[in-house]
Structure formats: structure tokens, C-alpha cells
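Take the sequences, apply the hints, and build the full model.
Number of protein chains: 4
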Amino acid sequence: MIKVGIVGYGYWGPNVARNFYQAPDAKVTAICDADQKSLCRAQLNFPDVELVQSYHQLVQRADIDVVAIVTPVSSHFDIAKLALENGKHVFIEKPFTASGAQAEQLIELADRKHLKIMVDHTFLFTGAVNKIKELLDNKVLGDLYYFDSVRVNLGLFQKDVNVVWDLAPHDISIMDYLIGLPPTTVTATGVSHFNSNEDVAYVTLYFPDNVIAHLHVNWLSPVKVRTTLIGGQNRMLVWNDLDHDEKIKVYDKGAYHDGMMMAYRSGDMWAPKVPEGEALKKEVEYFLSCISNDITPINDGHAGLRVVRVLEAIKESLKWRGAPVRL
Amino acid sequence: MIKVGIVGYGYWGPNVARNFYQAPDAKVTAICDADQKSLCRAQLNFPDVELVQSYHQLVQRADIDVVAIVTPVSSHFDIAKLALENGKHVFIEKPFTASGAQAEQLIELADRKHLKIMVDHTFLFTGAVNKIKELLDNKVLGDLYYFDSVRVNLGLFQKDVNVVWDLAPHDISIMDYLIGLPPTTVTATGVSHFNSNEDVAYVTLYFPDNVIAHLHVNWLSPVKVRTTLIGGQNRMLVWNDLDHDEKIKVYDKGAYHDGMMMAYRSGDMWAPKVPEGEALKKEVEYFLSCISNDITPINDGHAGLRVVRVLEAIKESLKWRGAPVRL
Amino acid sequence: MIKVGIVGYGYWGPNVARNFYQAPDAKVTAICDADQKSLCRAQLNFPDVELVQSYHQLVQRADIDVVAIVTPVSSHFDIAKLALENGKHVFIEKPFTASGAQAEQLIELADRKHLKIMVDHTFLFTGAVNKIKELLDNKVLGDLYYFDSVRVNLGLFQKDVNVVWDLAPHDISIMDYLIGLPPTTVTATGVSHFNSNEDVAYVTLYFPDNVIAHLHVNWLSPVKVRTTLIGGQNRMLVWNDLDHDEKIKVYDKGAYHDGMMMAYRSGDMWAPKVPEGEALKKEVEYFLSCISNDITPINDGHAGLRVVRVLEAIKESLKWRGAPVRL
Amino acid sequence: MIKVGIVGYGYWGPNVARNFYQAPDAKVTAICDADQKSLCRAQLNFPDVELVQSYHQLVQRADIDVVAIVTPVSSHFDIAKLALENGKHVFIEKPFTASGAQAEQLIELADRKHLKIMVDHTFLFTGAVNKIKELLDNKVLGDLYYFDSVRVNLGLFQKDVNVVWDLAPHDISIMDYLIGLPPTTVTATGVSHFNSNEDVAYVTLYFPDNVIAHLHVNWLSPVKVRTTLIGGQNRMLVWNDLDHDEKIKVYDKGAYHDGMMMAYRSGDMWAPKVPEGEALKKEVEYFLSCISNDITPINDGHAGLRVVRVLEAIKESLKWRGAPVRL
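Quick mapping for you: the protein sequence lines, in order, are chains A, B, C and D.
Per the UniProt record's numbering, residue 1 is the first one in the first sequence, and the count goes up by one each step.
Per the UniProt record's numbering, residue 1 is the first one in the second sequence, and the count goes up by one each step.
Per the UniProt record's numbering, residue 1 is the first one in the third sequence, and the count goes up by one each step.
Per the UniProt record's numbering, residue 1 is the first one in the fourth sequence, and the count goes up by one each step.
The set of hints was computed from the structure by calculation and includes no laboratory data.
Treat the hints loosely; a few may be bogus.
[Stated by the list, open to error] In silico DSS-like cross-links for lysine-lysine, where the CA-CA straight-line distance does not exceed 30 Å:
1. B/K133 - B/K281
2. D/K224 - C/K273
3. A/K224 - D/K249
4. D/K249 - A/K131
5. D/K131 - C/K249
6. D/K131 - A/K139
Keep in mind the model is a prediction, meaning the values are calculated, not measured.
Listed below in C-alpha cells is the structure:
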């Protein structure tokens, strides 16, 4: 039985706590939050779990093997460092850290102490991303042409981060997993209408082999959109995460050189059944099995670092209104 | 009765010819195309119009007041120059010219000879753009936050231009008309998968007052999308040009500062009736009345030049993978 | 504090129990279910509520004022009768009873003992139905022309009732509330593909003043549809209950006599904001206030009886392949 | 070369004329319409075709082999009878005749004179209906459960027929073709809001083997709907004729008996490519080849008669508010 302590019981913390609580191989022993109201909510939901107000106490407890850190990114490094120093495995919210340097330090520390880090890139455990990965691995789409993601809605503004740090880690981690190669150059544009944090932003990522990716993230859209287009040489797909019944549509469409001319192919469309089930549940169970069987998670510290490096490059490019930043 | 000669009877030429032909105040006297098959099609449709194979003949005819140029952009300058030199008004396909320098020369020539130029920015004459202009002018949206347009589909690849020169003139001319201010900086990214012409591209335009615009143009999309989001301080709208019945949806939604916090407003949605009718018909009739009444068209040579300048800046930025180009 | 006992903890029972549990003016004192597994689930969710296996015990308890009956319709009459005889108010699942005669007996009993009956016509407490009622009351649609509802999906088959008794009570109770008049004639058709219970059925209801209503209920549809069209003299509306953001669309469209000819009007569309919130919560709180303030609920026994009478007429008409049955 | 005369040049006539005109094996020699304005329009479109005002002249001409009758249904019988008596093949608008007795007389006459009748059930020649027929013939859906069609929109009211005679012949002819069996019983309900002709109607058709069909036709709907659900034992499909890109969706879903219980299957969805092309063109060419090769068309007089018999039964049932009428 792996014993888990939760740090942070705000918006997402209750979900992390619930999934560790219900996992057959884990036991949640303590929950920590600086806010008394959050602790009261934890009390109602998990009457048999101890509540503490300071994470310093929590990370030192002997009855804890894993610390799950579900706090704002600015606090990630300090808490994770302390947890690792105390010999605890770390499950940590995305984005991993506020800088690449912090991420490198945590990875090094975990390696030295033979501890696991899992960064909560939840989307990697959804039925949709798993199905797309399968289609790409089986060469159903053929060579990749582009990856285009739109993730927009009205609010919620975050005080301390811009719309990129809030929403783009989802897409960057998905891209990282699906494309399997790091981008070489990043370009980003955006503006802020209320304070210094961008609320609308556009990001282009250049990859090797003429693959291009683009993200549109926006806190000021009247409609919620969660749509990704993936173009390949043989087929193309549309993933609409808001479509309950037909999340992924694979189009038997393509463009190719036919001697001198471009030719087009347009055939059937096919919407494969996408397995349902809570992604976070699968992720938490996977993390527990990684610990038990000493396996490196796909979403380990290195994966987290790759995402943070792209976020840093975006920040730099945004400052210069789209100037390309090499990675 | 204004007498019109048409140069170019390929894809779009038949529509231009038909609309001048049916306009009460105009008479089409000659149609020119270098391709014999195109002339045969013209013959069938307009048995009473003279057909010529060289535009040099056409522009010198005494029975022509207006030359409508519906040819590839590379030929625009030569034909338009000759037409103006021969004292003819010019109706010309978008984009106006292959360079800003060419556009400036044509504008100067037309001014000197007191002739009209109209660049065929057809979208400015659609019910949808007129309705949006009305909403903006009446401050229904309030101060503008952003303009975001997606114009993607499968093909048709053009041999001599990239996807930006093919599709973006629509959006740039619409933006120019709706925003009413020139952009200050342009950033563009994209890749080519088949030859040296980009088939996927992303463009950001920075405007004064923190207004940002973005275009996504793509010849490799499995689905056709023609959607524009416009965010304003008071309301936001979605223009889906493929939705026959509810093209424009105005959302009574907004974000604003409420002291320290961001607050949101979410109310009714409203889809105003958008007038139908062929935009090109309205445009052609407007051009004829501009000539008769000596009025400068909204889509004159200067409007055409503004679009070409943005296209040139995009070309430059694309070369450097998104480096910002000041206008 | 009104004390509540719940009879039936299967599919819907947990929702009824939770809403009475959380209502400020109520206290759930006992839950009853014949199935031990269901009781275990109740135990987990409400550790402080007493569990009993027989409703005979429950309805006699002194610490119960209201019995909420959430069992299959075949058992409604016996349980409700016993509850009323023991002086308890009754909250009861739809359809009210298995026959009009049973409903009449319960209504008479409740009246005699000055007790309240509320039939759980949950939809009457949704934001959508309330908004439509408001539009009709304010004559926004004008005189009613028709009411057309489609409620189809794949399964779930019920053993003891057909698709009409399963799904149509929703629509019949909504119609009863919105139209405010009882139908005069009922016609119903349908077939069964697996046993003697219809899985596809169509129902027409004739009302006074040329108003017609129609229901399509189906357990064998590959897609889920929950759409109601309501046509009026001045405007028409579409209520798509599966559309999260634009549930109700009001069309400024109409048809009218213009002397000899029919004329049409086609204007804006308008999607009013529909209040969110759990309907069952509002219903339960309304029931508690009806008891406290001695008010007759809109969904009282008489409303339940009107629905049952229509269901009986449908059953009769189905037998004769659509023969009209007068009410 | 088969010589064709067209009787009726109103709403649909120009399409019939154009398709016979463009067919390689036919020549349109004369067009007839009682209305002078219609004849002027015909003159403009077909300057080389002779125009006549009375069909009596037209049907007697020696330079005519086929008479295409595109007039209101009330005139069908007289014109078709005269055409057949004069030895002409007949292409005739749907519905075939105003009564079954008329249809029988025309069939008998054509048979006796070895002439062809084709009733213009255009939908049988669409890519969508052909694809569905192919799916049914290949047992992709398995045994049929139901056929449900909705064909609603705002107007256009017809003076002399109700909404059933206007819209339902499409669905009845499609059903007749796809199901391949005549219905045994018909039930219909509806009301009229403006005159004695129903503007909203619902029709149920009972077929052998527990197959049921239902039509909803409506001239008073704020939205246009053209959707057919077809449920089968193995798979189910949705045909949305207004969806340009994904007209037909085949769902790998089903319900079946698993011993005592109902079980459900839910798998992929698949949208086969539906061939495009004008249905009327295919139909006209098919008719010409039926004449040349002495083949009986699938949409011959008998097919027309089957549709008229259903229409008559609907009329009868409507009168009695849904009373079942046996065929």
C-alpha cells in the first residue's frame, strides 16, 4: 500500500485526492492546504484523512511515500525539492516548474535519490489521445504535415500567469507525446487587455521534417473550442474534445504530387469509438505501478522539462512580438 | 451606358462578366482570353459579345470605358497600366498587384488621368461583412480586443502563389475595412510540403490600442472552415460563413475589471438576420455608380495597396520564421 | 424541520435522497430498499441516515413527515396509499400510478387527510421549461400552432414498461404545463421488436383550437435526440436540451394570411440565456415550501392524473394501431 | 435521338427541360405552358426550341416521342392519357395521379400501347439513396427495425394540396424503394391552421415483419430538417440530407437479446463517401435508356401507383384523426 500526502486542495486538488483515495494500491494519509476553508471541504469529503496546514510538516511524515503537489506553479520547486529531499516520490501539477533550471535541479535530485517524478499531463491518459497515438503509430495518417490546436473560452483569468502558462501546457505535452520530437524553433504573439499577462496568444512551433504545430489559446472567446487538426500524408483527423459522441474523425483525404500537378483524394470519414473513463484515474494508477515496478513514467520530469522549455521560449518570443527563438 | 471589356475568362472571370452583363447601367462589349477554350465558353454564355485573344487590342477600343482584369496577379500591373494609359477605368482582381511599388504607380497614374480603380475585395459587399460593420460602427461590441480568422480547406493549390496570397487577401481586406486602421507589425509562420510555396500559414497582425488580429490559412485541412471570432469589450461575435441560417452570432458576453478581480458577463445570444444577395452584383453596381457620380470607392487602389503591403510584410516574415516586420 | 423517508434507492433514488438531505428545511431520517446492495450504497453516501428493508416499517415511523417514493410504477399505489393512511405527505416518481383509478383514489385520500402529493415531473423545474413558459405567458410566440417533441436514444430497455411509459411522461407533463389545456383525442402507433413492450412509438395529441402535439419516443435510435419544436403565430422556437450553450432558440419567423396568399416572415434568431441549476433541487425545495405554507403544488396529484390518463389512452390506441381515443 | 416535348415550365419544369436538353440521346423539340411569362423564360434559355401554349397541340406532334409532364397533379391524368393515346412515352411529375383509379387506367393504357411511364421520383437517383440501398442490399444494417423521416421547413404553402401531397411523396417513394414491400396499414394525423389543407402532418406506416415507418411533414417549422433514421438489427444509420460532407452516418450500434436481458453494442461510426452529381440528370438518362432498350424503369407507373395508394390512405386516415386504414 503506497501512502500519499496531498499538498493543495483548491480547484484540481480534490480530483487528485479522490483518485489516489480510490486507487486500490494507495492510501491517502494527509492533506495539506494553507486555506482553512479548503481544509473544511477536504474534511467533509475524506473524514478519515488527517489535515495539516503546512507542507513542511506533511513532507516529513513517515507515513507518506508520495507527495502530490497541486499548488500554483510558483510554489512547485520549493515543495517538490523538500519532498524529494525527504525521500518522497512526487506527483506534480503541470506546468512542472517556473523555469527549466528548476526542473533540471529536481530531475537531478530525484535521479540521485532513486525517486519518481510524474508531471500531471492528464491528457496523455485520455481515450482520445491514446487513440490518436495508436493511429499515428500504426501509420494510419502517414507522415505528419501539421498539428493545429485551438483551446479558447471565456476566462478564467489567473492572477499570476498568462493564458499560455494556463492553457498551453496541455497542448505542448500532447504534441510532445504524439510527435515524439522536440521543436527546433518557437514563435509566439499575443496581447494583454487587462494587465501585463497575455489573454490571447498564438504560438508556432517548427519541428524537423517540415512539421509545423500551432496553438491558439484565448481567455476572451465567446465560445468554447477544443479542436485539434492533424494533417498527414495519407489521412487527416479532427479531434473535437467537446463532441461527446464523435470526438475523433479520421478523413480519408489527402494531397499528393501527381507528376507536375497536385492531386487530391477524398473518401470516407470514420469516427473510431473512443474509450471513456476518467483520465486522472488511469494516470494515478499508472504512477502507482511505476513506483511499484520501478518504471520511468512517460510523463516524467524530463517530459515536464520539455514542456517548460517550450513555455520559456514562448515567453521570450512574446516579448519580441514573434521573434523566433531557437531551442 | 458604361461599356465594359473583360480581360480573363478563367475561374472567376465568368462571374465578373455575368454581373457587368446584367447590370442595368453597363454593357459588356468585349471579352478577352488567351485560351481558346475559355473563349468558347464565353461565346456560349454571351453570344452577342465580341471575343478577342489579346488584351492589347481590347484596351485600345473606343467602345470600352472600363477594363475588368480577372487574370493571375503576375499580369495585373502590365494590363492595368495599359488600360489606364488608354483612359479606361479599372476593375481588378485581388490581390491588386504583385508589389507595393506597382500599386503606387497605378494609383498615381489613375489619379493623374482622373480614372477610377476598384480592387475586387468582394467580401466587403456581403451581407455578413456589412452587418458586422454596422455592429462595430454602432459600438455594439464596444472597443475591439481581437480579430481571429480561420480560412482552411483541402486545396486548390496554385502554381505561382502560396496559400497566403491565395486566401489571406480576403481576410486582410475585411480587417482593413472593419478595423479601419493599418497594422503596425506583422509576424508570419508557415511551411511548404510540396514545393517552395507555403500550404499552411499563420499570420499575426499587431494594431494600435492593443488590438491583435490572426489568420490561419491552410490548403491541407480535411474540413472546410470559414470562421471569424471578433472580441470586444462589451460583446463578442462569431461569424461562420458556412452556416446558411445563422451566419453571425452576437454573444452578450464580456470580461472586465471589477476592482481587483476579473469579472465575466454571460447573457443572451442573438443571430441577426443577414441580408442575402450576390456580393459581386452589389460591388459591380457600386463601381458603376462611383464612375457615374465621380465617387472614390471604399475598395480603391489605396485599399488594394494596403492589402499588398501586408502581403509583402508576411512574405518577409515567413522567410525568417516569424521575425516581426514593421509596416 | 421536515423529516423525510426515502423508499427506493435504485437509479434515481440517490438523487432524490441527496436533494432532500441537502435542503436546509429537511432532514432525511430513513432510507428503505429491498435490495441489500442498494442499502450499502446509501450507507456510504449518508452514514447518519437509518436504513430499513421494508417500506411498511418506514411509513409508520413517527420521525417521518414525508415519504418520497422512488420505486417502479407498479408499486406506487400500495406504498403511497399506506403512506397517506399513516398521515405522511407523498413525493412520488413519475408516472404517478399505473392507472387513472389508482390516481383518483390517492388524490381523494390525500384531500381527506389534508396531505400533499407531489409527482416528480422534474422537467417543470428546469431553466429551459421555465423560460419557455415565460415566453408563452408573455405571448412572445403568439397563439400556439403545434408542439413537437423527439426523445430518442439507444436503450435502456425496461422490463415491465414500454418506451411510452418510460420516456413520454416527461413530454406529457411538459405539454400539460405549457399548453395548460387537456388534449381531447389521442392517437398512438408503435411496434415491439424484442418482446411485447413497444420500443418505438409515435403519439399525436389533438387539443382545442387546432393545436396539435406529437411525441416520438424510441429506444432504438443510434443517436440521442432531445428536441422540441414549438410553433406559434408570431414566433417559433426550438428547444434542444442537448445543446449546452444555446438550449432555446427563438425564431422571429412566421406564416400568416395576407389576403388571398400566404406570406412569410423571417427575421433574427435569439437564444435567451437559460438559467442553470439542478431542477430536482428546486423541485424538492418547492415541495417543502408547499408543505410549510399549505400551497397546492403545480405538479400535484391532479397533474399526475392528467399524465396517467394520457398514458392510458396511448396504451389503448397502440392496441388498435392508431385508432383515435377520446379523453 | 429521342425527341422530347415538355408540358409545364413553372418551378420544376426548367430543370426537367434542361436535363433532357443536355442529354446526349435526346432532343427537346417543343415546350408548352399556358402562361406567357413562363414561355418567355423558356425562350431565353432554349432559343432553338419551339414554344406552344396548348398541350393538345404538343402531344399530337410527329416530332415528339416523349412527353414530360411537369404540371400540378390535378392535370396529370388528362395530359398523360392524351399523350399515351397519341403513342408517346410519358415522364411525369410526382405524385403520379390524383387517385389510384387514374393511375391504374394510365398503366393499363401504356401497357396496351407498349409505352413507358416514368414517375419523377427524383430521390431514387441521388447518391444518398443509392448508397443506402447498397448498404441494405449488402445486409450491412441487418434486418430492418424502423424507418423514420422528418421533412420540415417554413412554407411554401400550395393552394390545392396539403403538406402530405406536397412533401410526403419523396419519402413514400424512397421507402417503397428501400423497404421493397408495400405497407399493410396507414395511420395519419395532422391539422390545418390557415385553410382546409393540413400544414402539419404525421404518418405511420405498418409493414410486415414488425417494420414501422413514420413521416413528419410540416410547412410551419422555423428550421429546415431533412433527416432520416433507419434502424436495423446490426447497425443503424442517420441520413442528414442537409449535411454536405457527411450525409450518411452508419453507426455500429445495436440492441439484441442476450438470454434474459437486453444488451447493447456501441462501436465506430462511419460516413461513407456519397457520390455527388445531379439526380435528375441520372434519372433522365436512365429513362432514355429504358426506352431505347425496352426496360421497365424502377420508378414506373406501378411505383407511382403504390405511392398514390399510400397518399389516398393517408387522406382517409387524416379525416378520422388517425383511424388505421388497411391497404
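To see whether the hints hold, each was checked on the structure:
The hinted pair formed by B/K133 and B/K281 meets the criterion: a straight-line CA distance of about 19 Å does not exceed 30 Å. At most 30 Å may separate the alpha-carbon atoms for a hinted pair to count; D/K224 and C/K273 meet this at roughly 23 Å. Restraint check for A/K224 and D/K249: satisfied, since their Cα atoms lie roughly 26 Å apart, inside the 30 Å limit. Restraint check for D/K249 and A/K131: the C-alpha separation of about 20 Å stays at or below 30 Å, so the hint holds.
A hinted pair counts as satisfied when its Cα atoms are at most 30 Å apart, and D/K131 with C/K249 does not qualify at roughly 34 Å. About 29 Å separates the Cα atoms of D/K131 and A/K139, which keeps this hinted pair within 30 Å; it holds.
In summary, the one numbered hint that this structure violates is 5.
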